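Colleague: In case you want the letters, here they are:
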Amino acid sequence: MGRPLIHRSPMPGLGLSMGITLTMLSIVVLLPIGALFMQGASYGPGNIWATVNRERVWAALLLSFRLSLLAALFNLVFGVLLAWVLVRYRFPGRRVMDAAVDLPFALPTAVAGIALTALYAPNGAFGALAAEIGWRIAYTQWGILIALVFVGLPFVTRTVQPVVEEIEREVEEASATLGASRIYTLRHVVLPMLMPAALTGFALALARAVGEYGSVIFIAGNIPLVTEIAPLLIVIQLEEFNHDAAAAIGIAMLLISFAMLLAINLIQVWSRRRIGDV
Amino acid sequence: MSDTTLYPAARFRAATQETPLTRRILIAIAVGGLGILVAAPLVVVFAEALASGWAAAVNSLSNRDARSAIRLTLLIAAIVVPLNAAFGIAAAWFVTKFDFRGKAFLITLIDLPFSVSPVVAGLCIVLMFGANSLVGGWLVAQGMPIVFALPGIVLATLFVTFPFVARELIPVMIEQGRAEEEAALTLGASGWRVFLTVTLPNIRWALLYGVLLCKARAMGEFGAVAVVSGKIRGQTATMPITIEMLYNEYLSVAAFSMAALLTLLAVVTLLLRGALELRHADQLAARPHR
Numbered sequence: 210m211g212r213p214l215i216h217r218s219p220m221p222g223l224g225l226s227m228g229i230t231l232t233m234l235s236i237v238v239l240l241p242i243g244a245l246f247m248q249g250a251s252y253g254p255g256n257i258w259a260t261v262n263r264e265r266v267w268a269a270l271l272l273s274f275r276l277s278l279l280a281a282l283f284n285l286v287f288g289v290l291l292a293w294v295l296v297r298y299r300f301p302g303r304r305v306m307d308a309a310v311d312l313p314f315a316l317p318t319a320v321a322g323i324a325l326t327a328l329y330a331p332n333g334a335f336g337a338l339a340a341e342i343g344w345r346i347a348y349t350q351w352g353i354l355i356a357l358v359f360v361g362l363p364f365v366t367r368t369v370q371p372v373v374e375e376i377e378r379e380v381e382e383a384s385a386t387l388g389a390s391r392i393y394t395l396r397h398v399v400l401p402m403l404m405p406a407a408l409t410g411f412a413l414a415l416a417r418a419v420g421e422y423g424s425v426i427f428i429a430g431n432i433p434l435v436t437e438i439a440p441l442l443i444v445i446q447l448e449e450f451n452h453d454a455a456a457a458i459g460i461a462m463l464l465i466s467f468a469m470l471l472a473i474n475l476i477q478v479w480s481r482r483r484i485g486d487v
Numbered sequence: 002m003s004d005t006t007l008y009p010a011a012r013f014r015a016a017t018q019e020t021p022l023t024r025r026i027l028i029a030i031a032v033g034g035l036g037i038l039v040a041a042p043l044v045v046v047f048a049e050a051l052a053s054g055w056a057a058a059v060n061s062l063s064n065r066d067a068r069s070a071i072r073l074t075l076l077i078a079a080i081v082v083p084l085n086a087a088f089g090i091a092a093a094w095f096v097t098k099f100d101f102r103g104k105a106f107l108i109t110l111i112d113l114p115f116s117v118s119p120v121v122a123g124l125c126i127v128l129m130f131g132a133n134s135l136v137g138g139w140l141v142a143q144g145m146p147i148v149f150a151l152p153g154i155v156l157a158t159l160f161v162t163f164p165f166v167a168r169e170l171i172p173v174m175i176e177q178g179r180a181e182e183e184a185a186l187t188l189g190a191s192g193w194r195v196f197l198t199v200t201l202p203n204i205r206w207a208l209l210y211g212v213l214l215c216k217a218r219a220m221g222e223f224g225a226v227a228v229v230s231g232k233i234r235g236q237t238a239t240m241p242i243t244i245e246m247l248y249n250e251y252l253s254v255a256a257f258s259m260a261a262l263l264t265l266l267a268v269v270t271l272l273l274r275g276a277l278e279l280r281h282a283d284q285l286a287a288r289p290h291r
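Going line by line, the protein sequences match chains A and B.
Each residue of the first sequence is one higher than the one before, counting from 210 in this note's numbering.
Each residue of the second sequence is one higher than the one before, counting from 2 in this note's numbering.
Only chain B is shown next, with the shape it has when bound in the complex:
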């Protein structure tokens, strides 16, 4: 950044700068736009949650259905995130450590869930594992229903979060190359030892970054889960589904209190992300993503 930008009101204007007036107008548009589009909804969530005071908000979160929704959402994140991380590491290792035909196609397939509507994702899970399908019918007969039960919600969430970790790891591992691993192998290290002592320390921040994004999405997913969950109160209603049910019953304080919980989670995620980007920018995939 050239140092001339440090003096916004300098009388001298470099030829590569906009006039102070233009600059102020552009900043005002940016600040105003973000304020209206992003800050205002954020404020509203908390204002509506606390509309009847703290006690009402806390109270609405402590009944049985609310607690069950929170527990279910945490459980889903606890299942989906490790699976997604394992897939992301395996896929990144496969794609970056080996040369094979169709690599670009494979990466396209991994990215595919980003261009599929969450509702269509849920629909696909229903058609694959629903009671009317071949696989689903058999599983129901075995006493293991997938759709309208926990496994369906997990599968739908896995679908929409599928590329998160792999997409963070692949660019980082391409950049780091294979030389360090090859050196460790020639020195006689086993495959697992190479991974744990050479690769993992190099990718840990990128991995954490991907896990963070995956977790936020897993806990907040609505469209795909709405299709497969069946919305059974106390059983298959996740936090976002519960928000919808409460809102449709005009229980505004309860709906926004639960929304405020998820909003806090989103803000914490962003803060952690910001800290990661500030301290370990060199070990993360260059933006952009998604």
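If we strip away everything but chain A, and leave its shape as in the complex, we get:
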């Protein structure tokens, strides 16, 4: 490749901006992540596998990924519905709702955690209702699921909203004039246009849920094998100053989430190609 590494430019500040960017990126992000993998390397792949390949760790990893997937799926459906309602319909309180969608981004996770626990604990407002029909929510996997739905709520709505705004009514009109019912139009014309953005939001919600800690640990009950999430295992290992085991689980989590993001990216590329970029 004959292309120069950096094109000559009359713009000032190349050295300064590049220096600050690369220095801070290295100190804050790259070197610490490198330290994680160094620790893993010195511990050795065999030992990492031995650490991860234990019933308690598998259970936690499976639980984290399974519930994150369920929460992200719920948010995919509810988020698309919410985006549609917020953009297309006019009703009192719409603006407040639009702002409220972002609350899970702005609210500290520990606050969300204790608030959700207070709500869904057997003596809480919703928890007591559920208890009447014999349904326990807090301190079970249901509680974890609700916390993960909460933290992932805004992602799909926020990625889909601008796409709904840009849909040209003419397309829907064309579909209607050709005899399509409203349901058919929504299903076969509108929904495919929203899909790539919705999948992006889904991936973001999933990534967030897998790593979530603060909002989950209060409501989870944290019973090994049953309601213990993967990030908590790392915290437990660190509290015992077992850095090797913590690094092993951390590396496993990083690799699995990267693999998942990669898979979702591939699905997205495929869906864009299939229905065209919108």
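Zero decoy hints are in this set.
Chain A is nowhere near these chain B residues, computed Cβ spacing over 12 Å in every case:
#, residue
1, S53
2, R68
3, L76
4, A79
5, A142
6, Q143
7, P146
8, L151
9, P202
10, L209
11, G235
12, R280
Covered, in the sense of this in silico footprint (three residues per stretch, anywhere, with C-beta under 8 Å from a C-beta of chain A), are these stretches of chain B:
#, stretch
13, 24 to 31
14, 109 to 119
15, 154 to 163
16, 173 to 186
17, 213 to 227
18, 243 to 251
19, 257 to 265
In case anyone wonders, no lab produced these hints; they're calculated from the structure.
This structure is a prediction, so every number in the text was calculated from the model and none was measured.
C-beta atoms are modelled at their ideal positions from N, C-alpha and C, and glycine is treated no differently.
The hints should help you fit chain B onto chain A, whose structure is shown.
Modeller: Structure of chain B alone, referenced to chain A:
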């Protein structure tokens, strides 16, 4: 928006609308869902904080440990936000004003902290700067411990908030292009003058927006800080960490009072954001983000 949507109960229904019944059902699901998922937890925070009255709530916030936690959280935000803003501006300038190989890769690296669990972020800081590590051991020997001290909390918070400002600025600066800066340069302005008088006024609202998001996250971060702070009362316990400690000691009113403070902050952040979006939408990066 076509004007037909203004008349929800009109007898005439356009072919591009759902039936009034469908529409009502969808609105009801949206309102109900948000009410249960978002509004209810918000109400509970304040209800629990005021469960024993105002005096108890205010009282629980005025003891020494609570005040120290509030001070620490403000201090962390005061260190992290300017650093993050400086990084965001530098990164956005570097990425948008110059052409170089590997730009997409660099942007991916800047976004990386969003896909890393906060707990893993904290773990990385511990492994890099902990007393057992090469760098950390040396720093401890110099009398400058990082982990279980303020610098560690700052580094962990920087990690999780890293992309916030850069991500807001980069799209805005790409859209604005380089022509205005180039014109100022040909007229003989110095680099700093170009930045301060040409670029900064164009990006100020996007910058404020990013700073707002960064500040909210910096003050509320829990997972990453929990790993590096060591949770020493009165020293390294931030507001979210204090909430956890109080809650685990069954001091519900105190825990929820501190939570209510952070909730107020979140609500104010959202209101400011809403105002910014309403008044300066043209100068902000188009949603979505994160």
